[in-house]
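Q: One letter stands for each residue in the lines below.
There are 2 protein chains.
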Amino acid sequence: MKSLPKGFRGAAIAAGLKSSGTLDLTIIENLGPHFDAAAVYTTNKVVAAPVIWSREVTKGKLVRAAVLNSGGANACTGPQGFADTHKTAEKVGELLGVSAGEVVVCSTGLIGELLPMPKILSGLESIATNLKPDSLDDVSRAIMTTDSVPKVATTSVNGVEFAGIAKGAGMLAPALATMLSVVMTDALLPNNAQEIFTRVTDRTYNRIDSDGCTSTNDTVLLMGSGASGVSLSESEFENALMDICGSLSSQLIADAEGSTKTVAITIKGAVTESEAVEVARACARNNLLKCAIFGADPNWGRVLAAVGTADAQMDALNIDVILNGIHVAKESAPNEDKNLVSFAERLVNLEVNLNMGSATATVMTNDLSHDYVHENSAYST
Amino acid sequence: MKSLPKGFRGAAIAAGLKSSGTLDLTIIENLGPHFDAAAVYTTNKVVAAPVIWSREVTKGKLVRAAVLNSGGANACTGPQGFADTHKTAEKVGELLGVSAGEVVVCSTGLIGELLPMPKILSGLESIATNLKPDSLDDVSRAIMTTDSVPKVATTSVNGVEFAGIAKGAGMLAPALATMLSVVMTDALLPNNAQEIFTRVTDRTYNRIDSDGCTSTNDTVLLMGSGASGVSLSESEFENALMDICGSLSSQLIADAEGSTKTVAITIKGAVTESEAVEVARACARNNLLKCAIFGADPNWGRVLAAVGTADAQMDALNIDVILNGIHVAKESAPNEDKNLVSFAERLVNLEVNLNMGSATATVMTNDLSHDYVHENSAYST
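For the record, the sequence lines run as chains A and B. The C-terminal residue of the first sequence carries number 381 in my numbering, and the numbering is unbroken. The C-terminal residue of the second sequence carries number 1381 in my numbering, and the numbering is unbroken.
Any given hint could be a false lead.
From the structure, some residues in chain A lie toward chain B, with a derived Cβ separation under 7 Å [as the list claims (entries may be wrong)]:
1) Y41
2) K45
3) V46
4) G78
5) I111
6) G112
7) G301
8) N318
9) S377
In short, the hints are calculated from the structure, not lab data. All figures in this text were calculated on a predicted structure; none of them were measured in a lab. Don't be surprised by glycine CBs; every beta carbon is placed ideally from N, CA and C.
Only chain A is shown next, with the shape it has when bound in the complex (with noise of 0.2 Å):
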């Protein structure tokens, strides 16, 4: 069982939250000697109770600990979800002799439905007496949800520590209703922590795109304990993070719920880089390029269909096609036969050059499959 990073430890527990009776709770403690904090949360406009009361929380930037559960997300529960989120918040904070407001709380799992506190409270009572260093394993299994692998990453540069977990991606798990991502190190943040920790998730998480749809819960929490004592230098922690990051999200798309294929969507020539993210987004979000990917068509026509509906400036007369290697269309017309493309790998490699400029993104997505369907449809009933 790998160990957290210097200063942190933590436990987890199957508190029955979860009708499989894995493992649903885990408190994630940070003994300093720093608390430093930074965070990003879902978008949506519709929030879960956890992510209203963490938000606050992380606006000090200074958390001691997180609690997080699958088995119910505790979203559109109205003044009641929020007292049981403040709760949960109070008993971890009396638990292990800190305030509640240092508290971040996180929750997966299904929407509109209340919490069984009794079983997470008597959850919580248990954990805090059995954390310990050694628990990244666990701790990163009690956010799984429909996930069908736990996802960590770890890394360490210059004798300090960093390791991550997720669950979900973007809505990959969708029912379940929520990413969760807890990043540790024990190095001293710098004072822009928050800064670069936005900019690295924006070209991580914010680049995987399962299904286009946006939890209420979503929420990645980057925790500093400061216990290596050592500073590194504003590059070498960019860096790292972006190799933590980097990691799960990969991680995450590849364990999408239902998917067959894992599309990487490269655009390139775009004027600017956030048009060629609008661009690559358009084509994620596409469900008849999902579907011709899913039954592995190399149908480069609702390439061009998706492209066209992005908001970036384009030649609509001059875009290629590159699937696979084959360049299946130059100008906007065929070019090379399409059925050269071969979709006998997991990975497919969509680019696409707008032809205009040099900026450049990818955007990993996955196909729109039966299975999608199936889990998505079949899950809450």
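Fit chain B to the known structure of chain A by using the hints.
A: Relative to the frame of chain A, chain B by itself:
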């Protein structure tokens, strides 16, 4: 076989463009005495050759004929594709003794393949010798692609006739890439016919949204012969167009590819009508919600998660959801028992009240089913 409005004649043929051997090529001729026209086209930046051509034709508001084919979209076909559209218009012009610049061309079918021009040109010769008033049925059948039934609507007001035909719906028949519609009337068109037609289109065709995908070929054409000699009042004219286009829109969504449910999404209590439409569209394009409806799952949490992504003013804690008459969520929290919701009928009424203002709008969509994935992953291969 129903007749076209006075002043129009048409005919269709199986020219061999569709492998099924059914009708696939048609001409609608306006014999006047007026040749007024209005048109609305796709907002996609990537447009098919016939759209590039026809946009120029209808700028002059004078259209003597429309030629429409199924079995090929002539989209993303480069300079040759445009030359083929031009040649088609010239051939029709020559056969009917009118200018090519007064001939609208519409195509629907697979993107990225050239049309078999010899078949089209000889087909047009046969059609031109056979034009007749009682051709509404044939004309409507010739533009069908994956449509299971032809879509026709007729009405008469004060001695004036209106007849409309349509195929697809947005990207309902998506590999086939288009929604096409032609509305004919023998009324004398008002001077602001384009303005009225645009307004009608916004409230009918633009409020059905099957899968959020926008095609390269969408064209809606209004042709007025003036042969009745009657001028309607502006409101009579607009109401008649609303009848025709509203009926065709309903027929389109009812026949959506692979759908098992039609969903009427009504947003109430919005600050503006356009915000109500935004919120309704966010629901209509949310795959998770559409899968839940396919699964007869009253998962209203997905409704709120979808609503929260819309660019509209809302109080996230004060939204109501009424699903088939059951008030499942009040003030964004559980209310009536969701298990009371019945999905026995094809039509699902989803009502969301934002409780912010008095604006309202309805968007029609359909569920996301196994068959949608199947039809759209298997079409072109």
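Q: For each hint, tell me whether it holds in the structure or not.
A: Hint check results:
1. Here the hint on A:Y41 is broken, as its CB sits about 12 Å from the closest CB of chain B, past 7 Å.
2. Of the supplied interface hints, the one on A:K45 holds, with its beta-carbon coming within about 4 Å of a beta-carbon of chain B, less than 7 Å.
3. Look at A:V46: its Cβ gets to within about 3 Å of chain B, closer than 7 Å, so that hint holds up.
4. Below 7 Å, beta-carbon pairs count as interface contacts, and A:G78 has one with chain B at about 3 Å; its hint therefore holds.
5. Against a cut-off of 7 Å between C-beta atoms, the interface hint on A:I111 holds, since the closest Cβ of chain B lies about 3 Å away.
6. The closest approach between the C-beta of A:G112 and any C-beta of chain B is roughly 4 Å, which is under the 7 Å cut-off, so the hint is satisfied.
7. Given the 7 Å rule on beta carbons, the hint for A:G301 holds: about 3 Å separates it from the nearest Cβ of chain B.
8. About 10 Å separates the beta-carbon of A:N318 from the nearest beta-carbon of chain B, more than 7 Å, and the hint is not met.
9. Taken as an interface hint, A:S377 checks out: its beta carbon lies about 3 Å from the nearest beta carbon of chain B, inside 7 Å.
In summary, the structure is inconsistent with hints 1 and 8 from the numbered list given earlier, while agreeing with the others.
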